[in-house]
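Line by line, the protein sequences are chains A and B. Be aware that the first sequence starts at 196, since it is given in this note's numbering, and climbs by one per residue. Be aware that the second sequence starts at 125, since it is given in this note's numbering, and climbs by one per residue.
Calculated directly from the structure, the hints in this document are not laboratory data. Even for Gly, the Cβ is constructed at its ideal location relative to N, Cα and C. Warning: the hint list may mix true and false statements.
Calculated lysine-lysine pairs in the DSS-like style (CA-CA distance at most 27 Å, straight line) [unchecked claim]:
id, chain 1, residue 1, chain 2, residue 2
1, B, K134, A, K278
2, A, K857, B, K134
3, A, K863, B, K283
4, A, K625, A, K373
5, B, K249, B, K175
6, A, K868, B, K283
Estimated spans, in silico, between C-beta atoms of each pair [stated by the list, open to error]:
id, chain 1, residue 1, chain 2, residue 2, range
7, B, V303, A, A533, 57 to 63 Å
8, B, K283, A, E586, 34 to 40 Å
9, A, S277, B, K283, 40 to 46 Å
10, A, L676, B, E160, 49 to 55 Å
11, A, A518, B, D284, 42 to 48 Å
12, A, F603, B, V303, 42 to 48 Å
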Amino acid sequence: MMMMELRETCSDGPDRGYHGYQQSLRSRRGPSRMSRDGPPHLDLASSEDEDPPSRTPQKLAMPMGIKKAVRQLQHMQVPVSSKRTRHSRALKHFYAEAKETLAILIPWRKAIHKIGGHFGGGVQSYFVFLRFLVVLNFLSFLLIAGFVLIPSVVLSSPNNTPSIPNGTNITGKELCMKYDHSPEVLPVFYTFFLDLLSGTGFMEYTYLFYGYYSNTVAESKGVSYNVPLAYLLTASFYFLFCLVCIILRMGNVVRVLVTTGSGGERGYSARVFTDWDYGLQGDRATGLKQNTIRYRLQVDLEEDRIRLRAASLSPGQTVGLYALRALLNLVVIALIIAAFFGIAEATSFSQREAVKWTGVVGLLLEFLPSIVITASNFVVPFLCDQIARLEKLSPSTTVIVALLRAVFLRLVSLGVLLFTLWSQITCSGKADDTDCKICRYNSAQYQCWESRVGQEMYKLTLFDFLTTMVLLVLVEFPRRLLVDHCSCKLTRWVGRQEFLVPPNVLALVYGQTVVWTGALFCPLLPLINTIKFFIIFHCKKATLFQNCRPAIKSFRSTSSNFFFCLVLLFGWILSTVVLIYSMAEIHPSFGCGPFRFSPTMWSVIQASIDNLTKTTQDFFNIIGSLAFCVPLFLLSCVVLSYVAALASVYGKSVAILREQIKQDGRDKQFLVKQIKDLTRILGVPKHEEDQYDPGASWGDHHASASPPQYLPNVHSFPSASHY
Amino acid sequence: MGGAASQLPKEMVSEYQMIFFFLSGFFLRAHKRFSELQDRDSLSSRVPMEKILTMPELKSNPFRRRICHVFSTSEPNDGSLTFEDFLDLLSAFSDSATLEIKSHYAFRIFDFDDDGTLDAGDLEKLVNCLTGDTDETRLNPEEMRQLIKNILEESDIDKDGTVNLSEFQHVISRSPDFVSSFKIVL
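For reference, chain B alone in the conformation it holds in the complex (with noise of 0.2 Å):
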């Protein structure tokens, strides 16, 4: 930091981004919600996927245990989020984030089996967390083909029975909802 000039170089304006990051109400919510999260004992900065559920926010989230995968670092991916991936995901969830990285994560997501792409598998479990996974409320087997073959129809452009990232956010990009629909407020 050097002395006084009449112009802020380049590095200090990142400080100052920086600074006033720190400060904005958003870090600090996540910071306080986040320790209320961890263990006062234990030494580990992660937080286990168990007690990341019991935020009011995921709670009743038919993805909450794919999201906690997604955005978790941890070598054998048990879905446990240290701070930094928590902001990751308030962020990759917040308002500022574009349509881009929220289609990316939203089909990372959806991937349950992390392949890559979102084949009838995929697209099964999916609508089963959109109707509800129990057995009055899944569609009938009947059905449920009726509609993977629908998705199919409308979205798979190569035609090799899979979604790709691609043709996701090709489809994602001609919905103007989304955006306002993926989102989590602290």
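So here's chain A without its partners, still in its complex pose (with noise of 0.2 Å):
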């Protein structure tokens, strides 16, 4: 049938005119005579495999037209491949056969996909984040779990008698060492439900909180197991993980960024044209390509027209911008530093008060700061967002100007909270204060600091899951349905939900400074953390579908994930500020915990560091010493500044090729226009001219599959000059 087919299409007419272009692809030649002698003896369905089998060609009658199909066929530039070019696209196919299977096991990557293509990429960035944040959670836990968790489950012992290390003086210290945590006397019968809601009672001497475990060498079976050293050491090396995991994901961004350029670099016309993938199947993935190619062009024409505006101001209309928006961030100043006084008031009214009520009252005492910060996080970026309107910004700057706000409030509203923590524990400070003269810290209110830190911590965890939580069911759905069934001009004016990108991703920066602040005193926490954030996907994904619309105007989201990345890394800081400062400085419960008896917890490692040889002793004394550290530091400022400059090195050369690429376009049109006036001057005739005009249609290109000519025919300069 094939045979029957390559004889018709080589009887069929010669040039078609317009079609004479194709005669370049496949140098039809006319009409060919067939030699119809018998049929040729090819087996086509033979195999179906690459390498034919031993046929020697003497056997094979060729007629005619077969030979013809295969002067067509050798300039149709079908994959007839050599080895080499086999052997590559083989390879390319195994690569992306591997990176299809790996990616199976990332999760929710069809979810994403979805959300990306209805939402776009800015909501989706969002939902990437948070799935990162779930798997750092769910690997530290595993992290934690196996170096502190696990082992003293296994290898605690019955009596938690706590081992007092010889040479430590503990005389006059009996009152620091009590820790009174058994359970109320009379237990009401919610106060189950209280104190698992604050961490207080039953839940206070478990595995969830710093004060439970053991300071002791466990021994069993012959295996020794520090159980203080470990649990320092897995802190420490979790804070550590983390800040890789953020660098690696800060570096990916930044790569793409650099690579892309940003975004609107690349051109309205280089995205027109080549944009679309000719490999996509079905209607799904079309739509969703479609509508991410659309909400691009959107925002990117939105961007371009506020640009316009704002370069079309008078200079007094300028000066008049740039002095509101001054002022309008003074505003914003104070409206922190007045939410900041609120949370400090409320967290020492809180550890004051809550301790002499008990039941709800006592319960709402103790979830003051929480109560309060979550309220100034909502407030004031409210207003932030109501301010940032009146400075006309450009989208993707408001967004970032926001963001950088709400994160300026938020984190360090968490470090007021600690500062008032901490001025309560150590009596600011005060070594020589009544409450704290004893056991340097204030052992009268807090028996087993550690733990209350934790407390809060997990209160304010446990408080941010279920504000959000709450808002989504209250607030979300009823609006929905709301506006779905009345439609009075509020529910019109009021519309349904937009799902606003910064202050959720706000939400969950600030979820995860909590858990890494708590995660010394509260080793459980990022479990907890995981589970929250994990059904906060869900929930999240639900009401983005059911109740919220697509985004009229969706920010870019390439430079937004940098600062997501960023932010959190600020968070980081903060939290590391905290353990540094606690495992250093603060002294460490007498009546509770691993490091009991230890002058601050750092001194752990010390004393085992004491245990080692004299050689690795020695060793760790070299490191630690300043003939070791400020070489090091030398070296390390050489290698940072050898770095910027290769840096910069690389950015100039990136601008002087982009000028390089706008001169070419200008080089270009210059030739253009002299071309066309020597045409002019030297008054070539109009079929020439038209020959080489490059706006002419392709009819008159000859046939052959040679490069466009883009330039005209120089060489027929001479026959014009000859006029």
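Put the complex together from the two separate chains, hints included.
Shown next, in the form of structure tokens:
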């Protein structure tokens, strides 16, 4: 059957005028006379493999038409491939397949792809960030469980008597060692629920909090495991691990940012001509791609409009705008400072009064700091958003400014909370204060201050989670029901919810910072956070599809990915400061925890180094000494400056190349103009002029697969000059 | 096919190439798919456009009709394809077609009115294909105007208000992803 087709096509007519162009690719020569001698002996149905069976050509009779077909196929540049190209293609195929199979391990891939198609890249980046945090928390939990929790559970002795290391003087400190953690004598029926929420009562003396871990070097079956050392080292390693993950992710994002330029650099024409992926199959994939393309175009066009409008302001208007912006920034700062005062007051009030009350009132007082923080985190960013509208910045800048302001608010409000706690635990650092004299911390209020700090972080996490859920259920769903079923003017003005990414991202960063701060004091907090973020992912996805309308104007997601990682890094820095300070400065509680009788948590490391051999001690001493650190510091400064110089050189060459591209475009325009002028001056007749008019149709090109003539046939000029 | 020679003459090399091609997976797959699309009873070797558009690779492609029109060699161009046209199509969209061939064909696909240049009307239809051609998914007229103005500003070098083949290829040559996205694999 194929042979019949070949015969027919070979006997088809020649040049079809407009389709004469096709000759350049098919090299059709005109009607060929078919020799209809005998059927070909080529048996096509025999095998499908690439390597032909061993048949000598002599046995095959090739009719004329097939020879013609051969020449046509050669010019068609069809994949008759050499060994090397086949190998490289097979390798590429293998890599693609491997990436596909590995990608199956990534959770929620399809869901995130669907979200990206329906709601744009901005919302998608939020969910990608959330997924990153879930995985990070889960891995951290595995780390902590493996090195701290499971050994403690497995190797713990039934009687948890604290072993007092030799050489510590505990005379006069019996008061400090008192730790009363048993649940209340008269448990009311809802005490269980209250204790669950606030981490007190029965929950306090469990593996959840620092106070439960013993300070013994647990020994069982000949395996000795130093629990305090493991606790400390795991906490430090957990922080380093999170830092490495964040930096790797930032590096990825920055690489993408640099290679793709920043979106608009690519130019509208390049995007419109090359963005479509012809391999997409199915209506859903096509629809998603079309949505993505449309969003990006709309966002960029909007940014261009705003830039044009800003550039067209008169100087007086510009000055007025900048003055307005300065004033509004001052207002924002004033709001934030007011929030800080509120939080500090609430925290100290709560710490003082909460122990005096029980029941629901006590619970409310316990949660007062969380309530005030959450309230300020709603009110202040909302006001900032309204203020930002007056500032008339471009959409992506507005988003970044709002993000930075809200980050500042959230993280520093957390810092204020921690500072207030610290001042109460250590009597504001005054070691001679009556409360703090004996035990070096306020043992009257805080019998086990680490557990209390852990409880505060636990309460913050829970409250954040509860607030999110309550908002979803009580605000977003009813809002959608109201908008759908009641069509009064108010609902039409309010409209359906729009999924705002920056506030949601900030909530995530805030939650993660709280977990990092509390991880030293509440080792199971990463597990709780994993579960919390997992539930939040699914709930946010549900509310997105049910309640939210697609964003009319979404912001550019490439640079915002970078900012999410940046604010996460800020949170990490805050919690590292807390960690280092707690480890190095504050005296651990006498009554609880694995560092009971050490002067600081860090001294455990010193003690265990002393137990090592002399050479290892000398090694550590050398590393820790100035003679080693200063040269190391200088060396790293040199390396840093080299890398910075390299980076600036690359940046400059990228800028030069971009300028060169623009210059090339201008050169071409100049050349084209020159050619047009010259043709006019030389008075070349019209039909020849058409021949080297770049705008001519391709019917005039002769039949060969030569590169298209961008510049006209230069050798026609001499003939023109004969005129 | 002469006697046994120690070195194969050029003709035999080309015939070997032809044998390899006919036995290659590419050709056999193309042949299989094309014969599936063909009507058993009709004697014509052309497959009408509607049957071609039922292929899953083309069914949801917004440029499917233009692709059929561009590769069709029928006299009143109705988009029907012979097997040779079909092979042309597949080879232009294959891995081994060069950037130049792909950009040639891309230009013809985007030239909706077949006049040899991309003018504002062509660009508007192109953008509508990219974003979806329904009322909710089209750009509004203001945005469309701004976009077409930007495109012509960037790519129309001789300032004649249209994008011709050379200008088009100039834009394409700066996009490294074009070759891998202009691909249909059976």
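Task: A:S277 versus B:K283 beta-carbon gap, inside 40 to 46 Å or not - done: Since the Cβ atoms of A:S277 and B:K283 sit about 44 Å apart, the hinted range of 40 to 46 Å holds.
Open item on the list: Please check whether B:V303 and A:A533 have a Cβ separation lying inside 57 to 63 Å.
Closed with: holds (59 Å)
Open item on the list: With the threshold set at 27 Å, check whether the alpha-carbon distance from B:K249 to B:K175 stays at or below it.
Closed with: holds (24 Å)
Open item on the list: Between the beta carbons of A:A518 and B:D284, is the distance compatible with 42 to 48 Å?
Closed with: holds (47 Å)
Open item on the list: Given the hint of 49 to 55 Å, is the C-beta distance from A:L676 to B:E160 inside that range or not?
Closed with: holds (50 Å)
- [ ] Take the C-alpha atoms of A:K863 and B:K283, compute the straight-line distance between them, and say whether it is at most 27 Å.
- [x] holds (11 Å)
Open item on the list: I want to verify a distance hint. Is the separation of the beta carbons of B:K283 and A:E586 within 34 to 40 Å?
Closed with: Holds, since B:K283 and A:E586 (Cβ atoms, about 38 Å apart) stay within the stated range.
- [ ] Would you mind confirming whether the straight-line C-alpha gap from B:K134 to A:K278 stays at or under 27 Å?
- [x] holds (19 Å)
Task: Given hint B:K134 paired with A:K857 - CA-CA distance at most 27 Å - done: violated (48 Å)
TODO: Decide if the proposed pair is consistent with the structure: A:K625 and A:K373, CA atoms, cutoff 27 Å inclusive.
DONE: Holds, at roughly 22 Å.
Open item on the list: I want to verify a distance hint. Is the separation of the beta carbons of A:F603 and B:V303 within 42 to 48 Å?
Closed with: Taking Cβ atoms as reference, A:F603 and B:V303 lie about 47 Å apart, which means the hint holds.
Open item on the list: Between the alpha carbons of A:K868 and B:K283, is the straight-line distance 27 Å or under?
Closed with: Distance of about 10 Å is within 27 Å: holds.
In this structure, only the earlier hint numbered 2 is contradicted, and the remaining ones agree with it.
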